[in-house]
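Since the structure of chain C is already known, use the hints to place chain U on it.
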Amino acid sequence: MQTKILLDEEQMPKKWYNVQADLKSPLDPPLHPKTQKPIGPEDLAAIFPMELIRQEVTTDRHIDIPADVQDVLRLWRPSPLYRAHRLEKFLKTPAKIYYKWEGVSPAGSHKPNTAVPQAYYNMKAGVERIATETGAGQWGSALAFATMLYDLECTIYMVRSSYTQKPYRKSMMHVWGAECIPSPSTKTNAGRAMLEKDPDTPGSLGMAISEAVEDAASHSNTNYALGSVLNHVCLHQTVIGLECREQLAMVDDYPDVVIGCVGGGSNFAGISFPFAGDKLTGKHKDVDIIGAEPASCPTLTKGLFTYDLADEAGYTPLLKMFTLGHDFVPPSMHAGGLRYHGDSPIVSRLVHDGVMRAVAYHQSEVFDAAQTFARTEGIIVAPETSHAVKSAIDEALKCKKTGDAKTILFNCSGHGNFDMSAYDDYYAGKLVDYEYPDELIKEAIARIPIIS
Amino acid sequence: MKRIGFLINPIAGMGGAVGLKGTDGNVEEARRRGAVPQAKNRAHITLALLSHDKRLDFVTCSGAMGEETLKETGMQEYQVLYHFKGESSAQNTRQAAQMFLKAGVDLILFCGGDGTARDIFDAVGRYVPILGIPAGVKMYSAVFAIDPVTAAELVAGYRKKSLRDSEVMDVDEEAYRAGELKTRLHGIARTPALAGKVQFSKHIFEEGDEERAKGEIARFFHEIMIPDVLYILGAGTTIESIARELGVNKTLLGIDAVKNGKTIALDIDEKTLWALLGPGQEAKILISPIGAQGFILGRGNQQISARIARRVGIGNIIVVATPHKLRETPVLYVDSGDSGLDAEFGDSVLVVSGYRMAQRKRIHQSERG
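Protein sequences appear in the order of chains C and U. Heads up, the first sequence is in the numbering used here, so the first residue is 9 and it goes up one at a time. Heads up, the second sequence is in the numbering used here, so the first residue is 475 and it goes up one at a time.
The set of hints was computed from the structure by calculation and includes no laboratory data. Among the hints, a few may not be true.
[Stated by the list, open to error] Derived Cβ-Cβ restraints for the label pairs, each shown as a range: (1) C/N197 - U/N723: 40 to 50 Å; (2) U/R785 - C/S179: 56 to 66 Å; (3) U/N723 - C/E204: 24 to 34 Å; (4) U/N723 - C/L405: 48 to 58 Å; (5) C/D208 - U/Q553: 35 to 45 Å; (6) C/L35 - U/R836: 36 to 46 Å; (7) U/N790 - C/Q379: 35 to 45 Å; (8) C/A225 - U/H696: 31 to 41 Å; (9) C/T172 - U/E561: 50 to 60 Å.
Glycine included, C-beta positions come from ideal geometry on N, C-alpha and C.
Same shape as in the complex, but just chain C:
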């Protein structure tokens, strides 16, 4: 009975997989926020190195992972794929449950998979400093680690509600030499404007993005880095799914169901894009790909598929994606990393086209699932990851009813060792089941006369 399926270091993927190559038609282009015309590479050059801009738009199917980047990734990659025997037994399901464990990276999540190449390409382009935002602190700590490797300075705008409540993520950033500032801050025009509007705001990912983009755009030695949403970020994460496909092949298996949690979409993209590619190219037409999101910020299940800003202040291009509106400030729930009004344009497109689907869960039910996982498989997952765990358990229980012995694969994207206060709240009965009141909103939108 094999529990861990391991690849040798030389079996680590040498190329990323770009699902844009297999889309039936190209993605809708990002639009300039002022002119509403498609943006060109030069519009992004102020904040991104050219190689990342190229990766953002390319339709090449495979992109080489630089040897220097591979060297760093080998610190924790290839990551293990586990067969969840104990969880299966507990659920009494005929399903086979596999999970890809990304919590083995130095920062404890999948985020370094893209932080490292992003820092590398910036270093190559002669950039001295990177500004970024972070929600729950996963991305900030990953980028702090990556920029340290390449001797870059790093400034991180951390959503204020997390900054005060997740002191250890902040401490990690300091250990790796980065500067961490609560957002909204008084350092940027965007931050000052937001504080003037609402001094008590808990902050949001959209606000923090505005601050980091402004910081990068107004300092010539500084670039910006985003931990999710953008195409090149999703691209870098595909190492997860590529490894999974190899690992499952080693035990002669292929998933019927692929699951990830979704905030901006990068870990979900990472595990699912290689399988979405198999689906798009007809190799495995029936694979069911599920994104699990919070009911309090249900972008894919309740949002509109339209052009919207990626940030609060309007510095970023307009992206065609599922969105709840860039002015939507999701409530401060524990899965801070899933508090984003929009979603990756590629993930959005694939959900819109029916290649993938999404489900939404309440806070307390995902913690129920996380507890089950901790008490069977041992790992205490991050609140974000618990959404994927919940979805995997739901699918396995469906199999129990139907008797199907499906193969379920989910991305166990990070550990919850710095989220124990969330578990404390769960046990104290303090979790709030926030939910987006979409019926009220949709009824009103449908019936309120449109005023031009």
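Chain U only, in chain C's frame:
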């Protein structure tokens, strides 16, 4: 230094143990049945926890209405502001509360039941926050802490910013003893909230002033009001803030009707409400959970009868409440007097708690259902 006015209703709770469902006008009967005073013991638990807190300055009433308890907990310095003789009465409670108000107390801490809460509220209104140590027979009012220990925590951690609205309920004791529950919303007091207790979670925005949360809810409703729909507005400050945002009149404690941005009727009774729901008139009901238990229907808003709720449709009943209120009420209740209707609500309800945000709350399932 915080100045706390402390009083006990010494007879509160006596009726309960001997099956009298309330002690008002029944002290002698309660004593005859062997009831012993409860309130003092309950208050002692709270005061013992506060007696060494140097930041608190207590003022109180003589004898059994406060002084005895303070003395017994070993408190050295306090001031007796109000003296009474004989059996304490509602009149004594009101007079003592007025003295506290004049003395500029920051908070009135009392031990008693719904009747005591009502008497104090009548004397001080919303000028002074009040907090109850539960000791009475009926505690439908939301001014009570869950237990005496929590009451002590709330006093010790009291900050002006963390106040919440709390309904003071009027229960008809005569009717109650006859087995019928007639509640009326008497007023809305200000009560310390447990804001500081969630500092270690990420819910910090909820610790902002409750007014801010009300403003968010109101802003959301401003966006989603639909023309030609009759809006039936329930009682309470959350709904009042929605009315304010819409620029329409609203009574604080009554049921009012609004249509196309104009007030149609104020403080309406059930019959008038029924008449407003003419043929083809689409309607929505906006209500907020009321009282310590958090009743959506059946307490304090009995004008919205079961037939009104059915006529409007359960899907058109919109429940609103601030996160503060919802934190105090883990489960909501429905008791419309029509168990079939109550059951139609199911096991949970969506409660609008902010701008474009709601919470899924469990509804208490009665055994009969």
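Consistency of beta-carbon spacing, U/E561 to C/T172, with hint 50 to 60 Å:
holds (53 Å)
35 to 45 Å was suggested as the range; check whether the CB atoms of C/D208 and U/Q553 agree with it.
holds (37 Å)
48 to 58 Å as the expected CB spacing between C/L405 and U/N723, which holds or is violated
holds (53 Å)
Kindly confirm whether 56 to 66 Å is satisfied by the beta carbon distance between U/R785 and C/S179.
Because 59 Å falls inside the window, the suggested range holds.
Using the C-beta atoms of U/N790 and C/Q379, is the stated range 35 to 45 Å upheld?
holds (37 Å)
Take the C-beta atom of C/A225 and the C-beta atom of U/H696, compute their distance, and say whether it sits inside 31 to 41 Å.
35 Å Cβ-Cβ, so the 31 to 41 Å window holds.
Confirm or reject the claim that C/N197 and U/N723 have a C-beta distance inside 40 to 50 Å.
Taking Cβ atoms as reference, C/N197 and U/N723 lie about 42 Å apart, which means the hint holds.
If I claimed the Cβ atoms of U/N723 and C/E204 lie 24 to 34 Å apart, would that claim hold in this structure?
holds (33 Å)
Do C/L35 and U/R836 keep their Cβ atoms within the hinted range of 36 to 46 Å?
Since the Cβ atoms of C/L35 and U/R836 sit about 43 Å apart, the hinted range of 36 to 46 Å holds.
This entry satisfies every hint, going by the numbered hints stated previously.
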